[in-house]
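Enquirer: Single-letter residue listing:
Number of protein chains: 2
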Amino acid sequence: MDQLTLLNDRIISRVNVNLNEFDFDTEPFVNNTLDYEKMLKFYAFYGITSQHPIYFQFRHSNLAGSYFLGKCLVSRSAIYKSDIRGDELKRMGDNIRCAKNIPLVEDEMITIKDSLLYKTLVHSNSHNLENPEEFSIRNTISAHYTNIHGSTLEGCFLGPFATIDLMNLHSCIVGEFSYVQVGEPFHRKIDPGTIWIRNPNFEFKYQFEKSILDNFVGVNSFHQPRGSIYDFVKEREQDYENLFDVMNIEPIVSAPTSAVNRYAVVKGKTSIGENVLVSQRAFLENAIMGDGSNAQENTYIINSVLGGLNITAHGGKIIHARMGRETFVGFNSFLNGKPDAVIEIGQGCIVMPHTIIDPRVSIKIPDKHLVWGFISSEEDMAANTISLDDLAEVRDSLRIGSMTFSGKGSIFIEVFKKRINNILLSNGARFYKGEKRGHAQDGQNISFNIIQPYQTGKHMGLYPSIRIEP
Amino acid sequence: MDQLTLLNDRIISRVNVNLNEFDFDTEPFVNNTLDYEKMLKFYAFYGITSQHPIYFQFRHSNLAGSYFLGKCLVSRSAIYKSDIRGDELKRMGDNIRCAKNIPLVEDEMITIKDSLLYKTLVHSNSHNLENPEEFSIRNTISAHYTNIHGSTLEGCFLGPFATIDLMNLHSCIVGEFSYVQVGEPFHRKIDPGTIWIRNPNFEFKYQFEKSILDNFVGVNSFHQPRGSIYDFVKEREQDYENLFDVMNIEPIVSAPTSAVNRYAVVKGKTSIGENVLVSQRAFLENAIMGDGSNAQENTYIINSVLGGLNITAHGGKIIHARMGRETFVGFNSFLNGKPDAVIEIGQGCIVMPHTIIDPRVSIKIPDKHLVWGFISSEEDMAANTISLDDLAEVRDSLRIGSMTFSGKGSIFIEVFKKRINNILLSNGARFYKGEKRGHAQDGQNISFNIIQPYQTGKHMGLYPSIRIEP
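Residue numbers (the working numbering), protein chains in the order written: chain A, 1 to 470; chain B, 1 to 470.
These are computed hints drawn from the structure, not numbers from a lab. Watch out, some of these pointers could steer you wrong.
No distinction is drawn between identical chains; accordingly, a pair holds when it is met within one copy or between any pair of copies.
Said to hold, decoys possible - DSS-like cross-link-like pairs, simulated, lysine-lysine; straight-line CA separation at most 25 Å: (1) Lys368 with Lys234; (2) Lys364 with Lys408; (3) Lys458 with Lys433; (4) Lys113 with Lys41.
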């Protein structure tokens with residue numbers, strides 16, 4: 001285990017250097033998270049498909065239980081039960097959006113060095129214009145169920161259930177259950193439960209009350225997660241482990257235009273429509289997936305109906321709910337309906353990332369509404385929703401409950417709708433007669449190669465150096 | 001499938017060039033053997049252990065269902081359900097046995113190019129002194145259950161159940177169920193059922209009668225195997241496939257000094273003693289494996305007792321038999337006892353490779369005997385066995401039944417015993433208090449990495465280029 005211990009220690013010291021000013025020590029997190037026995041036992045896997053350029057290089061790393069797709073280099077890192085999904089990486093010749101169009105000189109690659117990613121999702125492509133060929137994560141630790149979406153990182157610590165979206169972070173700490181999309185923070189500390197989008201055109205901000213958030217997601221003194229959302233996912237862990245035990249799994253019956261990843265859990269009376277994408281580590285139980293809907297990594301759709309063209313972004317959880325057509329549910333949202341407290345959300349709604357709906361009685365959100373924050377009853381709706389029509393009228397600023405907005409509401413809606421449409425397109429939700437292919441079509445017929453570490457000797461716990469090319 | 005078809009065609013044309021003089025066309029064999037659907041479906045795997053230097057490189061190849069251990073390069077080849085076992089390769093610094101000792105300048109590597117190996121075992125290390133760092137197989141086709149043992153090949157066709165042992169073959173055809181160990185044959189055709197050992201000190205030869213051999217192993221006009229030995233192995237294929245469906249198999253309980261490969265079938269009341277090696281694709285059913293015994297690749301030990309320090313060489317089959325201590329069973333031997341026709345073989349016997357014992361009533365072979373050829377009754381024993389003491393007396397030549405021997409019997413026995421002892425040593429059969437480790441000890445704690453081919457696109461059926469280093 002010498003090499004694994006060395007790896008461990010190097011990651012701690014690297015990240016600590018960056019976070020020195022915050023007096024933040026990553027050692028308690030790392031030492032209480034990494035379980036060497038599981039790092040020896042769990043296999044990693046990478047996908048081979050003819051639809052994406054492939055290149056994998058793994059060296060001096062442990063990759064226990066992780067999934068890799070696309071082009072990826074991992075060096076001196078521990079990637080534990082994480083999904084490194086490179087099927088949206090930019091390709092050679094693609095133009096980056098800059099004052100002047102600059103074509104990429106080679107395919108973009110995810111590179112992860114001297115980092116620990118724990119049950120983390122890495123997806124999309126780097127929105128860092130300075131280095132468009134490299135989606136880079138260095139000297140960084142991310143905790144349980146973090147989403148690293150289109151963001152480059154150097155020297156950061158991301159708390160459990162945090163999401164960083166389309167950013168470039170340097171020496172930052174992002175608190176648990178925070179969602180941030182705020183450009184290029186440099187030596188910043190983001191409080192837990194901060195939902196914050198800022199760009200030249202508008203700013204959206206919501207802050208969870210600590211007393212409420214603590215019930216759902218909190219951390220102990222070792223930065224380990226606790227709370228009911230963590231309990232919810234932990235209770236379902238065994239279902240995933242079963243998937244890993246079987247080599248050739250009976251494929252889930254779905255339309256020929258849909259893809260259900262073999263590492264997704266599908267239980268109960270679940271039906272899959274056309275153009276549906278169910279990603280690895282999605283969890284469906286008694287779920288009706290309408291045409292063009294999707295369930296991304298770490299999503300849970302239980303006893304619920306998705307009307308069609310629904311996006312359930314990474315980590316979204318939809319329980320005892322009926323979702324109208326073209327309704328979007330953002331990252332890590334927790335729609336915790338119950339048999340006697342059903343959540344009904346109308347058509348064309350936008351549920352902001354990291355929204356928590358935990359109703360005591362059934363609630364209904366009308367069509368075309370923006371939803372955010374925390375809703376436990378009908379009364380909370382006024383302070384946590386607005387109709388998109390009303391929002392479009394906002395010219396300057398708006399404050400509702402703990403939410404503040406500044407900028408033009410119409411631009412905010414436009415940007416969001418454009419993004420939703422792009423997600424639907426890239427997921428293949430609008431595939432028709434061979435046109436508009438996306439992940440739902442390309443995610444079929446993936447071969448998975450399985451890799452494991454040395455079980456004994458000086459490299460014990462590390463994976464051999466592996467290089468895969470087309 | 002374009003690339004796979006191309007691969008197919010290239011192998012046919014390459015081998016045909018070498019075998020042109022024999023008017024031998026490999027096309028019917030290849031086209032009737034390769035099943036593209038299975039080549040897409042079956043996964044290959046390679047072993048990672050701290051006990052052997054590892055290096056794997058695979059390119060432009062299909063590896064369906066094959067197993068790799070040690071250092072190996074495969075290029076432009078189809079390796080179907082084969083075992084390429086490089087745990088006895090020579091290492092850098094080892095001296096090759098020549099007039100003058102020459103140390104190897106690098107670790108030996110198995111290299112397989114432009115070849116089709118079908119359910120073949122490749123094992124040991126090259127005994128070709130000219131190129132000691134490369135255990136090379138080029139432009140070669142080997143058929144079902146062939147053993148390539150310590151032999152280099154260029155431009156050859158090996159029929160089903162053939163064994164080539166410690167040789168260097170160039171442009172040869174070896175008939176089905178032939179065992180040859182005859183130095184460096186060049187443009188030779190070996191008839192089916194030829195058992196032939198020749199070296200500067202002695203020569204042993206036995207020829208199966210065609211009418212008898214045909215019942216056990218024959219080939220049809222496409223060189224595909226038939227006969228009762230083939231039926232026997234075919235009937236048990238499903239048991240292996242079950243092993244491939246499960247990822248983490250419950251380890252077979254055995255002594256801490258023994259290794260039971262997770263790709264071995266173990267059924268019924270089987271017990272595993274100390275220092276026992278059970279290799280991948282061995283099949284044990286109601287087998288008592290005495291201390292220091294082994295079951296190598298493609299062996300079957302059913303309703304039988306091995307007294308201890310028994311070697312069952314690759315492909316040996318022992319059914320309803322009781323084997324005395326230190327008794328050796330050679331490659332592909334078929335000891336086909338029945339409940340009412342038990343085979344008992346005494347201590348210290350040598351059952352020559354490719355021996356068939358198919359008794360109608362119980363038979364008993366005394367201690368310290370050499371056994372060869374075909375035995376179906378007590379009467380056959382006189383023509384197919386000799387006591388080692390009597391053989392040791394032979395100074396010049398001997399003919400018994402269809403067997404001819406020339407040379408000194410004592411040297412023949414000495415060479416054989418030395419080899420048996422080396423096999424026991426390398427298998428760890430004599431491990432004691434940390435000394436004399438071998439495969440039975442080193443074969444524990446292997447990690448298996450699983451690799452699969454492209455399922456679609458122009459590379460469909462081919463594996464990506466993969467390189468693994470420590």
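Enquirer: Would you mind marking each hint as holding or not holding in the structure?
Expert: Tested hints:
no.: 1; hint: Lys368 with Lys234; in the structure: neither (33 Å within a copy, 64 Å between copies)
no.: 2; hint: Lys364 with Lys408; in the structure: neither (27 Å within a copy, 97 Å between copies)
no.: 3; hint: Lys458 with Lys433; in the structure: between (55 Å within a copy, 22 Å between copies)
no.: 4; hint: Lys113 with Lys41; in the structure: within (22 Å within a copy, 34 Å between copies)
In the structure shown, a violation is registered for the earlier hints numbered 1, 2, in ascending order.
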